[in-house]
Every structure is written in C-alpha cells, then in structure tokens.
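> The whole structure should be built from the sequences, with the hints applied where relevant.
For reference, the chains in residue letters:
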Amino acid sequence: SVDSGGSSEGGAAAGAASPAANCAIATAADPGNSQPAADTPIAENAPKLAQKDTYRVAFSQNANNGAWRIAETQSMQDEAKRLGYQIQVTDAQNNQSKQIQDIRSLIAQKPDALFVAPMTEEIGTVIGEAKSAGIPVFLIDRTVSDSQAKAGTDYVTTIVSDFVQEGKRAAYALAKATGGTGKVIALEGTTGSSSAVDRKKGFEDALKECPGLELVATQDADNQRARAQDITESLLQANPDVTAVYAQGDDMAMGAIAAIRAAGKVPGKDILVVSGDGSKEALQAIVDGTMAANVECNPRFGPKAFEVMKQYAAGDEVPTKILNEDRLFDSSNAGEFVDQAY
Amino acid sequence: MTDPKTEGPLLQMRGVTKSFRGARALDDATMTVGRSQIRALIGQNGAGKSTLIKILTGVYRRDGGEVLLDGRPVDFRSTAEAQAGGVVTIYQEVNLVPKLSVAENIFLGRFPKRRGLVDWATMRAGARDALAKLSLDIDVTRPLGSYRVATQQMTAIARAVSLEARLLVLDEPTSSLAEREVETLFGVMRSLRDSGVSMVFVSHRMDELYEICEDVTVLRDGRTVAEEPLASLNQYELVSKMLGRAAEQVASGARAAARPRQQAEPVLAVSGAASAPRLKDASLAVYAGQVQGVAGLLGSGRSELLRSIFGADPLDGGTVVVSSDAAPIRTPREAIAARLAFLSEDRRAEGIVPHLSVRDNLTLALLPKLTRRGIVDRKRQKQIVTDYIARLGIKAQADQPIVELSGGNQQKVLLARWLATEPAVLLLDEPTRGIDVSAKAEILTLVDKLAADGMGVLLVSSELEEVVSACDDVTVLRDGVSVARVDVERLSEESLMAVMASGEAVPSADSAPNKDKSDD
Amino acid sequence: MSAATADVATVGHRLALQRRGTVAVLVLVVLLASLRYGDAFYSGINLTSYFDDAVKYSLIALGMTFVIMTGGIDLSVGSVILLAGVAGGLASPYGAVVAVLVGVGTGAAVGAVNGLLIAHSRLEPFVVTLATLLWARGLGLQLADTQTVVYGSGALQSLARDKIFGLTTGFWLMLLLFAIAAVALKYTAWGRTVLAVGDSEESTSLLGVPTRMTKFSVYLLSGALAGLAGVVLGSQTGSVSMDTGVGWELIAVAAVVVGGTLLTGGVGSIGGTLAGLLLLQVIFTIINFENGRGGIEINSYWQNVVRGAFLLVVVLLQTGVGRGRRKAS
Amino acid sequence: MTDLATRPAEVSALRRIDWPTMIRRYGAAAVLALLVIFNIIFTENFLDLRNILFVQLRQAAPTAIVALGMALVIATGGIDLSVGAVVALSGQVTAVFLLDGVPPLVALPIGILVGLAAGLFNGTLVSRFGIQPMIATLVLFTAGRGLAQVVTGGRIQTVNEPIVEFLGLGVIAGLPISVFSLIVITIAIIGVTRFTPAGTKLLAVGGNERAAGLVGIRTKWVKTMAYVVAGGLAGYVGLLELGRIQASDATNAGLNMELDAIAAVAVAGTTLAGGTFSPGRTIIGVLMLRLLQNTLVAHGIPREVAQIAQGLIIVAAIYLLRRSRDAR
Ligand SMILES: Nc1ncnc2c1ncn2[C@@H]1O[C@H](COP(=O)(O)OP(=O)(O)OP(=O)(O)O)[C@@H](O)[C@H]1O
Ligand SMILES: Nc1ncnc2c1ncn2[C@@H]1O[C@H](COP(=O)(O)OP(=O)(O)OP(=O)(O)O)[C@@H](O)[C@H]1O
Ligand SMILES: [Mg+2]
Ligand SMILES: [Mg+2]
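Protein chains in written order, with the numbering used here: chain A, 1 to 342; chain B, 1 to 520; chain C, 1 to 329; chain D, 1 to 328.
When the alpha-carbon atoms are kept at most 30 Å apart in a straight line, the in silico DSS-like pairs for lysine-lysine are as follows: (1) A:K48 to C:K163; (2) A:K98 to C:K163; (3) D:K220 to B:K382; (4) A:K150 to C:K163.
Keep in mind the hints are simulated off the structure, nothing from the lab.
Put into structure tokens, the structure is as follows:
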C-alpha cells in the first residue's frame, strides 16, 4: 500500500545542512509531493462499469523488464489475485506500435476494464477505440496526450507520479547533500519518455536556483546499468572534478556507483549520488553510504488501481487525475524502509 | 561482299598498354580487323588476349594507345556502350545469368515489349528463332543454369549473333563445345561473315584456327609479334611465333609404344558405378604406370564418374576399390587418404580459392602432410611451392593471389596441388581445357612421365586427339554406361568417334569392359 | 559444375514449394487459431488490428524483397521509418498530401544515399545500410528533439480510419502496391533486370545491361517504401515515438526469406513475402489470445523464445520440404 | 612511348609508397591515431595510464573479443547476429547458478558452455541444414535474449560473489581482466590461424567452399567450428559483462554488440563475402569505434548526434577502403 508523505522527513533533515550552503535550495525543505489541482474534473462520460463480484480485466504493460516495471506488473497481478479477478497481461516490449497492437487485441477479447501503462503519451487513438467498444480504461504511471484522448471521456482516470516534482525533489536533495556547491553530471532515462523529459525539467529548473551547483554534462544512459557505467567512466575521466551524480533511475545510479569505484574514488564521499525510483538496491546503497538520497517513484499501483476501479463501478466520483504519493529516502529513513522496497 | 582492302579496316587497336598493379599485361599491343574478316587472336596463356578484348569492349580502361573503329577513335566505357557501337563480345568464361530462363538471357537488356510490359510470347518465339539458327531446339522457359555448359555457351552465341553486331568477338567459345557444335558454330560464323560481319576468334585449338580464320594476330607477353594472313604461316611457324622460340614439337605426338602393365592388380577398379542422375553403370580399371582414358559425348557421364570415384558425388551403386583395399570411399577426405587425387573440370567453381596466394592454393590438399604436431612446416611448404613453380613453369610469385594469374597458370597450380600429394591414382577431368598448346604439351608430357614413374592416371578429355595420344587404353561411356573399351592397338580418333556415336564395341581381344572384374 | 547446375535446376522449384508451404502453414495456423479462440479471433477489431499492424512491416518487406533479389540488404529501413515518420509528422500540419510527400521523399532521399554508395561506389550493402541505420536514427531523434512527434492532419488519418470492406484504406493501399510490384517483377524490364543483377551482377554488366541504375533503384524504392511506412504508421497511431523501427529490418528480412526469396539474390517472390510476413506476425496475436485464456500464461519473456522457435520451425520445415523434393526428383 | 616503356623500374620506384595498400592496412589505425591525438589535446587526463587501461581499453575489450569471433564467422562467408543475445544468456545463466549457491568453479564454465552450445546450434543450422546464416542466427538473436529473460525473470540480479567482482575489477599483470583476456585470446587466435592449418582451412572454406571440400577439408566442420568459437567467446564475454556491473541484466547485456562487432570487422577492411580474416585490424576497428563514441560522450555530445557521427565515420572508412582496393 502507498505510504504517505515524505515532506516531513525532508523538513526535519534540512536543519542539518551545512551553514556554508550558498543557495536557497540547499537549506530548503524537501518540496514534497505536489497536490492534485483542486479543480480536477470528475470522470463522467467514460464507459460505465457494472458492479460485479468478480471482473475480467486486462493490463497492457509497456515493457516488463527492470525491477520497477516487474514490480508494477506483479503488483497488478497480485492485487487481482487477491480480489479474485481474472487478469490478462500483455507486454509491449518497449515498442509503441506493439502496445497499440496489444491493446487492440485486448479490446477484441472484451474485458470488463482495461488498465494501460502507456509507452508514450501518444497512444491516445487506441484508447478512443476502447471507449467505442464500451470498455472503461484506467491509465497508470504515465498519461496520454490531451489532444488524442480526453480524461473522463475516453478514459476514466490516470494514476501517476508527478515526474517534474520528482526531478525537483532530487535537485533539492542533491543541493542539501552537497551543501550547494559542486560539479554535477546527470544521467537520463530512455530518450523521449515523459519520465525522462519531466524529471530533467524539474531537476534543471530547480538547479537554476543554485548557481553553486554546475551541471557539467547530461547524457542519455537509457536506464541501462552497463551503459550508465560506461558513460560515467568517460565523463569522470573528462571531468575529474565532478562531485555529484544525479541518475534519474536506480539502475543507472548503480552503474554510476560502479564507475565511481572503478575510477578509484569513493561513492558517497568523493562523489555523491542522488537517484530516483526507490528500489531495494538503492535503499541498501543509502544504508551503506554509497548513495546520498533517493526520490521514490512507487511502482506498486495494484491496490490503488483496483480501488479506483471499484469506486468507479460503484458510481463514486472519480477525479480524472490521481497523483501517487512518493517518499524521499535518505540516510535518516532508508534503513527503516529497505525491507519493504521492491 | 566488300573487299577489305578497298575500304580500310573496321577496327584498329594501336600501341595499347595496360598494367595491373605495376605488372604489364599489355605492352604495345596492336590488332587490325578488316571488314567481313575472321581474325584469329592467339597467344600463350597470359599473353593478354582477354585483356586486349576487355579493353576493346570497355571492361578495362587502357593505360595508353588508341582504338579506332571505322577510322574514328572510340573509347567505350562499358560493355553497353560497346554494344551500342556494334561491338559484341562473348567473354571467355560463360557469362550469362543462370537462374533466369534461356529466353531472358537472350533478350536481357532489350526485352520485346507490348504496351510497356514485357511481351513474353514474342520473347520466347524470338529466342527459339535465335537458337534455331544454331540448330538448337530446347525449352527456352527453363533456367539457363539447368542446361549443360555447352548449351549455355551456344545460348551466349545465339544472344551475340542476334544482337546484329558489326564486330563479334569470341573469346575461346569452343573450349567447352564438342566437335559437332563447333561445326554448327563455324557454319554460323561463315554466314555472318558473308553478310558483312567481322569477327575476332580466340582459341587454343590450332586446327580450328586454320579452318575458320583468314588472318592472325599473335600476342606474346602483351606485345603483338605478328599480324599476317594465316595461310602464310604453317602450324609450326605459328607456334614458334607464339612462344618466341623454335617449337620443339608441336602438340605432343603419339606416344611411342604402349607401356607394359607393371602389376596384375589394378590400383583402381570400378565396377557398376552409378550416381544419379546421369551415371548408370560404369566399370573400368586403372593400372599403375598407365594412363586410362575415358571418352564419351558431352553429358555421357564422364565427369560424374570421376566425381563419384573421388567421393565428391555420392555413389548410388557399384564398387570402387583402390589398391585392393575394400574400404569404401564416401568423401573426398577418404579418397585423399586412399591416395587419390582429382582435378576438377571447373577451375573457377571447384578449383581455385581466389584470394588465397599461389602458395596456399598449391599446398591446400597437402596441409595434413605438412603439419607436424599441429604446426604447419612453413619451410617445407615454401620449398615444395618453389619446386613446383619451377617444375611446371608457372608464371607467378608464390605469394600472389591466384586470381591474378591467367587461366593456364591457374590450371598448372591446381595440377601441382594434386601432384604434391604424390597420389597413387590421378583423376584428371579436362586437364587442358583453355590451356595453350605449349602448356598443353607440357602437361601431357608430365602426365606421361608420371605414369612412367608408376602413377595410375585416369584422364577425361573432350579432345580426342589428346585422348589418343596420351592414353594406353580408353573406356567409352555412353549415357552413363561404359559400353566399350578401346585398347592401344586400335586407338585412333576415328575408332573412338565410331564407338562413342554408335555405342558398339570395336571387336577386340578384351573389349568388354566388365571383363575387368575378373581381374579382382 | 554439376553441383551448381543441379542447384540451379532445383532452387527455383524448391523456393516455389517453400512459398506454397508458407501459405499452407499460414492458412493452417489461422484455422487452428480460429477454432481455439472462436469469434473473438475473427472479430472486426482483431482482424483490422492484425492487418493494420502488418501494413508497415509489409511495406518495408516489399522494398526489402527487391533489395534482396539483387543480392543486397537494407538494414536501414527501421531507422528510415523513424526519420521519415518524424519528417512526415512535422509536415502534417500542412496537410495530408504534404505529409505523405515529405515522408516518402525523406525515405527516398536516404534510400538514394544508400543506393549511391552501394551502386556507384560499390560498397557492401550490409555495412553501408548498417551505417545508415545509425545516422538516420540519429537524424530522426535530432529532428524530433527526441520527443514523440504527433500527427496533426486529420485527412491523413483516413488512411487509418476509413474502411473499405471492413479493412482500412492503408491496408488496401499496401495490397495495391504489392500487386503493382508483382506485375513489375514479372512484366517489366526493370523487374527482370533486378533478378539478373542478383543472380550475377558481373555477367549482367558484361551482357551490356547497365546494372548501376537497377541497384540504385532498389535502394531508392526501399527507402521510399520505408518512408511511406513511416507516414502510414504515424497516421495509424497518430504519432511516431522514438522507439519506432528498432529491429524491424530483421522482421522484414525474415519475412522475405520465409516467403521464398533467396538471400543471395536472383530468385524471389512478391506474394511470398506478404505470406511470410502475415505468417510471422500472426504469432503475436496468438500469444495475446493465449494469454487471455487464463490457462498457461505465456510469460512475456517467453514470447521472444516462442517467436524464435516459430521462425526455426518454419525454416526447418521449408528446408525439409526442399530436401525431400530434391531426393525424390 | 618507347621512353616510357623502357623505364618501368623508375616509375615503380616513384610509386614505392603504395598508398592504397597503406590505407587498407592502416586506415582504421590512422583514424584511431587521429582520435587519440585529438583526445590528448582536448580531453583532460586522457593520457593517464589508468584511463587508457581501465576506461578506454576495458570498455572496448568485450566488444573486441566478440568481434574476433565475428571475424572468424565472417571469414567463412557467414554472419552471426546472435552473439549479443548469447552474451546476455551466458551471463544470466551463470548469475542464476551463482545465486543458487553453485560454486563458481562450476558456474563460470557453464556460462562458457552456454556460449559454445549456442555456437554449435548456429553452426549446425548453417552447415548441416543449409539455412542462410543471417536467418539461422536470427533464431537465437530473438530467442536467446528471451531465454535470458526467462532465466532471471527479467530482473537485474545483483551477484555478490568474489569471483564475479574479480572478473569485473580484478587486475592481472597490471591489466584489467577483460583487457588481459583480449590479449591472450588475440595471441591464441593469431597463433592458431598462422601456425596451424586452421587459418588456411578457414579462408579456403570462405573463399571457395566447393574447392575446399574437394581437397579434403571438412567444410561443414570448419564452418561449425567458427560459430562454436564465436559462441564460446560471446559466452566468455557474458561472464566479463556480469563482472563489470556485478549483476546480470538480461535485457541490456550485449545489446547491439553484434552490430558493433560487424561494423568493426567491416571497418577493418574485411569483406563480408568471406575468405579474408584480419584479427589485428578488427581489434583496431573496435578501438576506433569505441574511442569515437567515448570522445563524443566525454565532450558532451548528445547520443543522437553521436549516432550520426558514428554512421558517417563507418561510411567514410569503408569508402576509403574501397577506393584503395580499386586503385590497385
Ligand atoms: N584483374 C587482373 N588483375 C591482375 N592481373 C591480371 C588481371 N587480369 C589479367 N591479369 C594478368 O594479365 C595478363 C594477361 O591475362 P589475360 O587474361 O589477358 O591472358 P590471356 O591471353 O587471355 O590468357 P588465357 O589464354 O589463359 O586466357 C596475365 O599475366 C594475368 O595474370
Ligand atoms: N544434359 C545435361 N543436362 C544437365 N547438365 C549437364 C548435361 N550435360 C552436362 N551437364 C553438366 O555440365 C557439366 C559440364 O559439362 P561438360 O560440357 O563438361 O560435359 P561433360 O563433362 O562431357 O559431361 P559428362 O562429364 O557428364 O560427360 C557436366 O559436369 C554436367 O554436370
Ligand atoms: Mg583469356
Ligand atoms: Mg565433364
């Protein structure tokens, strides 16, 4: 289940920040989760869902590799099993057009409800087809673009994390850990994915408020551990005075830590690493002192997703956008959560 | 008919030079072709004949010299341009497109069309007409590659003829043709000449030259050494000009006497050999110290016989016994272990490994023997290669890629490849195809000597003259069946022809080939 | 020589058998699937989705067929789909016609670069198009600023939305192109020359037939068709994402080969390619349906294994057919 | 005219520097040298021995080892698209065994065995069943990575084994294990192809398979062996990659490695038609392409631009090679 709130811990830890901090965000509290806009509309025009004891649902996953996505799929399957629902899962293997094909094939089999973790924002047309077939759609972890599919009409709702906010929180955490000075390299996730784009935006915008932190290089490491390692090795060699790394995802962070070690430096001491996802491995790294902080992006959508579905079937008012709550982990709390992490 | 002397020559090539990587292939080559004339172009292997032709037709760019057609300088940059200029060529290796149909091969590049689309019916009819001129009646819709080499060669000729050239160049068109087909070809050439077409004809068969050509151009080491009417030179003089020295003996004359059988047991005994689809029932025996010939019409299964003896084709029936050892031979590996050697008729597809050096090509079959405890003995390898290059007079460097050698020299390297394995039985399939007269004589002399030294040789050749002069005994194949044996006493071109055609054995003391079985 | 001549005699025959085999297996698979999955398998949305999905692969496979018939290969098509799809998408606000022209033009331009390097400079197709695979994708990403490109034009979507006899215009357009291609292969000098070049380029040029233009043209065509595929994809899904086209070239190559075209060139079939593609793609639908049955779940990781095994079975069956026939004859 | 003809010796003396051959032999090396010079001037700490050995060479070594196997296969006229997937498969299988507590002395050889078996599978399809190499190896290209994911459930498995850490971080004779392995493997391959008949047999099979068969070379066996060696090397690289990130990553390990390897072989001046083999130049090709990539990364060039540069460099390289061949 989704635990709430990271802001309080952030706030508490802020006091410990170095007085030498030369920028505001180094001493500021963790900005925490963003809140859904007060005027979020209610899903009204989407296909209705009858109330039944059991449902036959389908889930279109965009890729089923990497711990995060696997945890997401697992969470959907576990929750369905717990509720006694029948669930059918497809895996688009990181391929937008395959996901569209998957979804069409799922529609053909007429499930009661369809959950989609979109590969990109632009699979909206096929979401419209589900509406025509009378199947309510729930989006999770990413959304689709407004111009192609309307929330509350073509699909019921979208349950997402605020990636911009995640990037921002990472920047705050990094500033705090470094005391607001240093040279930073950033490793980005898959080219063009909304998580990569938004985290970058949040991170870079926040960093602007901290001139002492200089972003010396940004490279696309495709969420791959080995690739992140290679790139970090090259970047560290070209920029030997780098003192911090921001990796958008934990896999890349683990690669970066390995590269720092291979370069003969001590991660967590010579070079600080901040990352996002909140995997078990990352929390363990915080406990071990090799990672400074981690902004969670909780993959366990299952309980929330089915809860929302049931609410919708019951005719409750469901907002068209539901924000996931993510925690901030650092040395103060990582040990506490490491065992629950995915 | 126009008189060539009144109008000036059709083609003049003057002072043509061409080097490949610093090596001169042509050095002041000259050739003049008159109107309505068939000119012979001759020279040893590697003299530069094919190169001269390829320069004429734009396959290679010349380094120097000039080419005049109808007195005007021309500089074709591709075969297509040459064809547009009226110069059509049949290149030395059969150069057609095997997977397309015969008809398409004839009309490639100028398909008849109706409303913009290929008109298959017209094309087929046209192809049948073109082939009919060569007295060939075959299914023109089948892929060309499914026909035997001679048919393919005839198709190439039909194509060239139907292109209505002013100058037709034929680079060794007859090397894979049988006598009957050669006669047909000559008939066509004569009628073309009578209608005003000029031709350049390359062949290593002297008698053919005298039969069809009026004039001759002799190339030696890339230079033109003679350009005269053929009638003014006899065969001996011609070869001497080609070689640049007095020819000792043109075309090795018939061997003095039969070699006696050294042993009662044959080194190779074949009985009832069959291999689908064309070899049905062939029996013969080869004795150490003798040259056993195999004669037959094209497609009679001679090559298949040799291949199945060697394990290159599966033996579907019958037995092959080498040196009285009953172990069957199923692969070339086993054949080599049994001390057989096999020179294939198809140099390009089954002989040379193009980009390997002469050295590696020459010692390819010898590798196991050159290996000591897993390591190749490079010193011995070098020694053997040097030795064979000298012994066979191969014009090449040991580390040159074999593809750069002229056809004849490639052939010698391949022969050396097998000789180096010191086989008990040497299977030779058309060993002198495309080989110049002097090299041919050398090779036949060598075969003679090898036999004298105790090797058993099985020789297939389409040139009866060669069979007659080199063999002690000849088995005649007809439709995959060994129908007769002709022994040395009765051996002559005429007798062979008669047997090959009729399939009737010439009466002789032991003419029934299957009688050989009684020997083992 | 005998082995070679024998080969030529049987190779065309064997490939023809193979082609029929492909169609037979396709029909069989579809029959079995419809028995097992019933109406849902035949439902409009499933069929259209299956055929629509096949359109883009078919288009690149069609171009690939001609390239392979000349003995070449075009590994760049996947990247060209991305690049042209992006270009078409950027042009789509100016109308459907502009988008199609820009997409096809972009593809053709990349194809022309491949063609020039291969036909004129005589570089190896595999490496040239491998390099193009890299740079064309880089260019596409750059052009799109690594963001998914959205197709604006409504008119373009008629390719994906309007239906004739239950199937989309895009699909019929693809079929039409295949029909034209089949006629072109059999009845134009160009088509026959493509085969001749693939069979023996040297001979063809010694016969006085210009081979360069022919070789150039097949890469041009392949690029243009990949460009069209990019725009069609954009119209079908309303956007072109940055993962588009990764590995699609190999789907096309597999379809071409399964369809009975020889990778070494000289022999080929247009219809075979379509059958091969539909056969190789049907497995995706089947896997999805199989998962829906709720029984044994084909874990998504097994999908690749199943696809690989399926390809293996298909090619083994084909060589088996070829061999059996060869023995018999 | 006669003047010219009588002075061939002088002419050839003037042309003593045979540029075409030089380009063919040293073209990739020259580009490599240029890149090195560029980096010495513009990239900080490039000349640092640690950087050269532990960053540049170590990153290139796995691809180089795979490329050597690829060069063998290409020499026979084949191609192996499956090596990247085999790298993943071998790493995953080994990781799973290690995590199950199988002793490293058993688990590591199993990884290599997986590679050898994959090679045998490919080789058998190609040589016994006569399936065209690209399609034959496409089977494992697709299924191999799938199997690797099945084995580990798609998860990245962290392996905390000293032996794995040693593979990744260990040093032998002052060299990272992967670089050391590359050197040993290169020497072994050059030794075997130069001094035993294997090299000639390989080239003969690639150059003219029928001719090779007629001189008693077991062509099917030679071809199969080329795939087996390539598979074995890929299997070994699977272990190295496992060591490098101390974890198994079925989805990404060895991803696109087959294309990198093929590109390197081609840039080395080897024709994909078979019949040529040049291990030294293949490694230089890998180093060149890798250093190019690292230089672009180190100078902050975005990946998509780097891809464009890579594509163009490959074309330029083979274009020069072609020209030099024509000029002969
Ligand atoms: N492509 C080439 N590269 C290098 N050398 C070549 C090439 N083509 C021909 N040569 C050389 O040029 C010379 C002339 O060869 P050419 O093929 O013209 O001889 P030829 O007179 O036709 O011989 P043959 O009677 O054997 O056909 C030979 O020494 C040959 O090695
Ligand atoms: N009638 C035919 N049909 C198909 N292929 C043929 C036919 N005749 C010959 N061939 C093939 O062409 C090859 C070359 O033929 P070539 O002109 O050398 O005839 P050949 O050697 O006399 O034939 P053979 O060896 O069968 O007597 C032969 O090895 C054979 O494989
Ligand atoms: Mg010649
Ligand atoms: Mg023969």
